[in-house]
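K.L.:
Letter by letter, the chains look like this.
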Amino acid sequence: MATPVKVYGPAMSTAVSRVLACLLEKNVDFQLVPVNLSKGEQKKPDFRKIQPFSQVPAFEDEGICLFESRAICRYICEKYTDKGNKGLYGTNPVARASIDQWLEAEGQSFNPPSSVLVFQLAFAPRMKIKQDQVVIKQNEEKLSKVLGIYEKRLGETRFLAGDEFSLADLSHLPNTQYLVTTSGRGELFTSRKNVGRWWNEISSRDSWKKVVDMQNKGA
Amino acid sequence: MAGIKVHGSPFSTAAARVLATLYEKEVEFEFVPVDMRAGEHKKEAFLSINPFGQVPGFEHGDLKLFESRAITKYVANEYAGKGTDLVFGDSKKKAIIGVWMEVEAHQFDPVASKLVWELAAKPAYGMGDTDKAVVEENEAKLVKVLDVYESRLAESKYLGCESFTLVDLHHLPCINYLMGTEIKKLFDSRPHVSAWIADITSRPAWSKVVAMQKRQ
Chain S
1 MATPVKVYGP AMSTAVSRVL ACLLEKNVDF QLVPVNLSKG EQKKPDFRKI
51 QPFSQVPAFE DEGICLFESR AICRYICEKY TDKGNKGLYG TNPVARASID
101 QWLEAEGQSF NPPSSVLVFQ LAFAPRMKIK QDQVVIKQNE EKLSKVLGIY
151 EKRLGETRFL AGDEFSLADL SHLPNTQYLV TTSGRGELFT SRKNVGRWWN
201 EISSRDSWKK VVDMQNKGA
Chain E
1 MAGIKVHGSP FSTAAARVLA TLYEKEVEFE FVPVDMRAGE HKKEAFLSIN
51 PFGQVPGFEH GDLKLFESRA ITKYVANEYA GKGTDLVFGD SKKKAIIGVW
101 MEVEAHQFDP VASKLVWELA AKPAYGMGDT DKAVVEENEA KLVKVLDVYE
151 SRLAESKYLG CESFTLVDLH HLPCINYLMG TEIKKLFDSR PHVSAWIADI
201 TSRPAWSKVV AMQKRQ
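Sequence order for the protein chains is S and E.
The numbers in the first sequence follow full-length UniProt numbering, run straight up by one, and end at 219.
The numbers in the second sequence follow full-length UniProt numbering, run straight up by one, and end at 216.
Possibly wrong hints are sitting among the right ones.
Derived pair list, reagent style EDC-like, types lysine to aspartate or glutamate, alpha-carbon separation capped at 16 Å [unchecked claim]:
#, chain 1, residue 1, chain 2, residue 2
1, E, Lys64, E, Glu44
2, S, Lys193, S, Glu151
3, E, Lys185, E, Glu136
4, S, Lys6, S, Asp29
5, E, Lys93, S, Glu78
6, E, Lys93, E, Glu155
7, E, Lys122, E, Glu182
8, S, Lys193, S, Glu156
9, E, Lys93, S, Glu62
10, S, Lys79, E, Asp90
11, E, Lys94, E, Glu162
12, E, Lys94, S, Glu78
13, E, Lys94, S, Glu60
14, E, Lys93, S, Glu60
15, E, Lys114, E, Asp131
16, S, Lys43, E, Asp147
17, E, Lys208, E, Glu30
18, E, Lys185, E, Asp147
19, S, Lys152, E, Glu44
20, E, Lys82, E, Glu26
21, E, Lys184, E, Glu139
22, S, Lys6, S, Glu60
23, S, Lys79, S, Glu62
24, E, Lys93, E, Glu162
25, E, Lys92, S, Glu62
26, E, Lys5, E, Glu30
27, S, Lys49, S, Glu60
28, E, Lys94, S, Glu62
29, E, Lys92, S, Glu78
30, E, Lys92, S, Glu60
31, S, Lys49, E, Asp147
32, E, Lys132, E, Glu182
33, S, Lys49, E, Glu155
34, E, Lys114, E, Glu137
35, E, Lys5, E, Glu78
36, S, Lys49, E, Glu150
Hints were generated in silico from the structure; no laboratory data involved.
Take the sequences, apply the hints, and build the full model.
P.N.:
In structure tokens, the structure reads:
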């Protein structure tokens with residue numbers, strides 16, 4: 001039996017949970033290795049050898065060390081093509097191009113404002129850091145514009161890249177989970193008919209439920 | 001299949017990324033200028049290609065794509081046998097190349113783009129005074145990224161692997177603008193970064209993109 005891949009970082013980290021969701025979709029066994037962020041473990045030289053930007057996750061599979069959650073996800077899909085959800089990263093070049101397009105849209109347009117909101121609304125209070133209302137408002141406006149575009153797109157297709165669930169949808173799960181359940185701003189998503197429908201569908205997947213469970217258990 | 005069309009402006013860093021790739025792959029294409037000052041990129045015709053109202057937009061026959069990094073990957077794979085090899089290698093090599101592509105997209109570009117806007121675009125287009133606080137904040141962030149690059153380029157000739165790939169190419173548009181600003185000193189003071197920049201900016205395909213910018 002192959003050695004389980006290793007994922008370094010806590011499940012509550014949005015980027016770590018992105019990788020966990022992908023591993024679970026692909027039925028790839030993994031071992032979650034804790035990294036104590038509040039103690040600054042990610043800034044220590046040993047950790048920086050595998051992740052020079054001092055961020056989580058880091059990842060290891062058969063001697064290959066990787067970082068950047070979206071790169072790790074793509075690697076998992078390409079290495080374990082025949083495992084689990086086979087269409088997660090597309091089964092032909094055109095499907096893949098569409099998934100890449102929406103994965104980039106997530107990374108470049110959705111992630112920046114939603115990450116700021118996740119920090120301000122979900123994490124800052126726990127960390128006893130003062131929220132910045134100006135920053136919150138600016139990023140709500142940005143995120144609203146993006147979700148307006150998603151609303152139109154999701155009226156044309158069932159999922160972002162087409163009619164099948166893909167890595168592009170998966171990539172949105174971590175930030176959206178916090179925003180819908182913890183931030184008090186869930187109506188950004190739930191008040192939009194198509195976005196709301198899409199969120200219900202993608203967040204009910206077994207793989208994501210397992211990740212949320214891990215988060216709730218403090219993994 | 002009908003030919004390739006790129007919609008945008010050669011001054012756009014994202015459009016330049018796609019143009020550089022097409023030149024590297026020696027693939028014919030039609031460039032369709034988008035008048036951004038007139039707001040053409042926010043109008044229905046363009047939005048049907050990119051609903052985010054950003055350049056570039058890309059067409060290949062019936063296929064429409066947006067997001068420069070998705071487009072460059074598509075072109076590099078579609079024309080794998082032509083021109084410069086930009087995505088290749090065994091799964092380990094590809095995985096590491098994939099990591100550094102994300103580094104460019106998420107660590108380098110957000111910071112570099114802000115500096116390009118403040119130090120190059122605003123003055124060139126008369127769009128207001130440079131915001132010194134933004135420059136200072138992003139310069140500090142860029143220093144951290146460039147320190148990682150300096151270490152990486154001490155062990156690897158190019159960022160992704162021993163050969164030029166999309167990883168390096170994706171950096172060209174921002175680096176090109178930043179070399180004309182005070183940021184140049186941050187590159188010059190790092191020998192491996194500096195050598196890498198000299199190498200990638202002297203590629204003939206990149207010179208063609210610069211020539212397009214100069215012709216406007």
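K.L.:
Taking the hints in turn, state whether each one holds.
P.N.:
Tested hints:
1. Lys64(E) to Glu44(E): holds (15 Å)
2. Lys193(S) to Glu151(S): Roughly 7 Å separates the two Cα atoms, so the pair holds.
3. Lys185(E) to Glu136(E): Between Lys185(E) and Glu136(E) the Cα gap is close to 14 Å, so the pair holds against 16 Å.
4. Lys6(S) to Asp29(S): Within the cut-off at roughly 9 Å; holds.
5. Lys93(E) to Glu78(S): With Cα atoms ~12 Å apart, Lys93(E) and Glu78(S) stay inside 16 Å; holds.
6. Lys93(E) to Glu155(E): Judged against 16 Å, a Cα distance of about 14 Å means the pair holds.
7. Lys122(E) to Glu182(E): holds (14 Å)
8. Lys193(S) to Glu156(S): holds (13 Å)
9. Lys93(E) to Glu62(S): holds (13 Å)
10. Lys79(S) to Asp90(E): holds (11 Å)
11. Lys94(E) to Glu162(E): Roughly 12 Å separates the two Cα atoms, so the pair holds.
12. Lys94(E) to Glu78(S): holds (10 Å)
13. Lys94(E) to Glu60(S): holds (15 Å)
14. Lys93(E) to Glu60(S): holds (14 Å)
15. Lys114(E) to Asp131(E): holds (10 Å)
16. Lys43(S) to Asp147(E): It holds: about 15 Å lies between the C-alpha atoms, which stays within 16 Å.
17. Lys208(E) to Glu30(E): Status holds; Cα separation ~14 Å.
18. Lys185(E) to Asp147(E): With a Cα-Cα distance of about 13 Å, the restraint between Lys185(E) and Asp147(E) holds, given a limit of 16 Å.
19. Lys152(S) to Glu44(E): holds (13 Å)
20. Lys82(E) to Glu26(E): holds (7 Å)
21. Lys184(E) to Glu139(E): Given pair Lys184(E), Glu139(E) holds - Cα atoms ~11 Å apart, limit 16 Å.
22. Lys6(S) to Glu60(S): holds (5 Å)
23. Lys79(S) to Glu62(S): It holds: about 12 Å lies between the C-alpha atoms, which stays within 16 Å.
24. Lys93(E) to Glu162(E): Since the Cα atoms of Lys93(E) and Glu162(E) sit roughly 10 Å apart, the hinted pair holds (cutoff 16 Å).
25. Lys92(E) to Glu62(S): holds (10 Å)
26. Lys5(E) to Glu30(E): Given that 16 Å is the threshold and the Cα spacing comes to 5 Å, the pair holds.
27. Lys49(S) to Glu60(S): holds (12 Å)
28. Lys94(E) to Glu62(S): holds (15 Å)
29. Lys92(E) to Glu78(S): holds (11 Å)
30. Lys92(E) to Glu60(S): Holds, at roughly 11 Å.
31. Lys49(S) to Asp147(E): holds (14 Å)
32. Lys132(E) to Glu182(E): holds (12 Å)
33. Lys49(S) to Glu155(E): Measuring from Cα to Cα gives roughly 13 Å; hence the hint holds.
34. Lys114(E) to Glu137(E): holds (10 Å)
35. Lys5(E) to Glu78(E): holds (15 Å)
36. Lys49(S) to Glu150(E): holds (14 Å)
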